[in-house]
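Trainee: So you can see what is in the structure, the chains are spelled out below.
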Amino acid sequence: MKTHHINNKGYYGEYGGAYIPEMLYPNIAQLKEQYLSILGEKSFQEEYQQLLRDYVGRPTPLYFANRLSEKYNTKIYLKREDLCHTGAHKVNNTVGQILLAKRLGKKRIIAETGAGQHGVATATVCALMGMPCFVYMGEIDMQRQAPNVARMKMLGAEVIPSTSGSKTLKDATNDAIRDWINNPEETHYIIGSVVGPHPYPDMVARLQSIISQEIKLQLKEKENRTNPDHIIACVGGGSNAAGAFYHYLDEKDVNLIAVEAAGKGINSGESAATSQLGNDGIIHGSKTLLMQSKDGQITEPYSISAGLDYPGVGPMHAHLFSSKRAEFLSVTDDEAMQAGANLTQLEGIIPAIESAHALAALDQRKFQPKEVVVVNLSGRGDKDLETYMKYFDL
Amino acid sequence: MNRISHKLQEDKKLLSIYFTAGYPQLNDTKTILENLEKSGVDMVEIGLPFSDPLADGPTIQASSTQALNNGMTTEKLFEQLKDIRKTVTIPLIIMGYFNPILQYGIENFCKKCAEIGIDGLIIPDLPLEVYTEEYQAIFQQYGLQNIFLITPQTSEKRIQQIDEASEGFIYMVSSASITGAKNSFGDAQQAYFERIDQMKLQHPQIVGFGISNAETFDKATQFAKGAIIGSAFIKHLTENGTLQIESFIKQIRM
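Which chain is which? The protein sequence lines are Y and C, in order. For the first sequence, position 339 matches number 339 in full-length UniProt numbering, and the numbering has no gaps at all. For the second sequence, position 189 matches number 189 in full-length UniProt numbering, and the numbering has no gaps at all.
Treat each hint with caution, since some may be false.
Computed, partial: chain C to chain Y, Cβ under 7 angstroms [said to hold, decoys possible]: (1) F98; (2) L149; (3) E239; (4) S247.
Simulated DEER-style distance windows between Cβ atoms [said to hold, decoys possible]: (5) C:E156 x Y:R103: 24 to 32 angstroms; (6) C:G143 x Y:M154: 35 to 43 angstroms; (7) Y:E41 x C:Q161: 29 to 37 angstroms; (8) C:E107 x Y:R103: 42 to 50 angstroms; (9) C:A188 x Y:P147: 52 to 60 angstroms; (10) Y:Q30 x C:K235: 50 to 58 angstroms; (11) Y:Q45 x C:M199: 50 to 58 angstroms; (12) Y:T3 x C:T238: 37 to 45 angstroms; (13) Y:K153 x C:E133: 27 to 35 angstroms; (14) Y:D250 x C:E107: 52 to 60 angstroms.
Derived from the structure by calculation, the hints contain no laboratory data. In this text, all values refer to a predicted model and were calculated from it rather than measured experimentally. For each residue, glycine too, the CB sits at the ideal point set by N, CA and C.
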């Protein structure tokens, strides 16, 4: 059967693999050999499920958005990842990876972060497990996301500014990789998205797949069917989309809609819509779609949403795009901000600006009245209040 | 015979220098190469700058960023090197990350290298398995030696595999680190140098990372065939431009 899941060589179609310097080979080889067996262990699953339930607050509700449905004349459900502890889906992955790190005998945790959500989710589980935590964050992002820097510090993490290159997420990722090269034995690197060398994209997708697993059960209860007609999720690196799509990847009756950040417009020179602007290449150890110059220098993306501000997409998404399994849309800053305000006023939910991009897809594309549309509401908007305040002059 | 293989047969410890092309000034490449040869350097690694050099420390990162800002591109480098074999005879290796080479087109890149007289490539993020499966045939067709890295963490079994797939020499990374991170060698490195020496590999080893002066050069080459200096030379270029390259080299090896 043709599958959209990863193959045994670590590729989704032609995307993926592990393009890493030899210095990282032992660490990646160890992960590759052990991640499936550890994730499958009974004791791991018990501990993971228990933490997801009692600590993260899962299952997150699948909420029928009545007024939103009326406005768009279709049946819209919101998967409420914004209600997770720490405010976004990111924690599903960090809980899983810290349990894995412990089983690998690792003593020190590193992570990269852009908006700070993954950094906070990592610092949180490190506090929970009493492990030292070092988070790399672009110097510019540290200024843009000061409250999240403070949260990480309060949680006991050391936040290390990345001062190289463009001083944002891609540089923070480079610096985290450099740290891992310098500390190969006792350190585990918790990558926050479905990016990086194999097995990270698959491992993170599996740890986020709880999202679509729950959607199936919840939809069965509410609609007497496990499969919606459409699932919409935003894509930066693509971890929330990977989780929301995961159990539907090979179910053709479900239309997958990935929404990228167009920034100030696809052709404005300030955009993060990788599928529209990128081509095949290697970034952070993975063969995937990325935004680059014709010389193969990686270019700097832009989006009002720091969480979508990444110059590549995970290899799963590159494959979903090139195989046309998923529909890719792009949403500008303005469209996303309006969609955020719209949800707030209709449903009393302030979404993260990342998730507002997914919501803005409802304006771009027509759905039938009887169709069931699930929007993955990946995070809450508390962290974005300052951006909302500035934008709407609140 | 490939110039690298020829050089490796000479009965002396080899000094190899790395520099980033396009740094400190865009058009310094030729001057630097000619001065290095004149100073008695045995081999040179010409760095093709990349926006995201994830195995490199701050010194080489900064030089890459500067080189790109100066306008260095793959095409520009090839243009600068077009007539280099009229003045420079020592082995020349291009060291660069995989993505810019992939965008140029692997075969085109190899062909260009062969035309110029480049002898080998070091591509840190092109893993052994992908190379042997997809690119080895092309590299060999154009007479380019692909140089692999080993580190203190590389298992004995993998070192054997790398030795098997290697041509020329094996690039022996001195410690678990990015470039330019350490300034001296301790007991752990000494033990590692000895351990690799005792493996009696088919290919000679040249040590890189952490070599900055005569002392570290001597230690690194006690067992290995040679050593590579990168960050320390970049620092010299930062401070002196292309002047006094000879005096920098003379203080490494009398």
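Trainee: For a quick check of understanding: which of the numbered hints are violated here, in increasing order?
Mentor: Hints 3, 4, 6, 9, 10, 11, 12, 13 and 14 not satisfied by this model.
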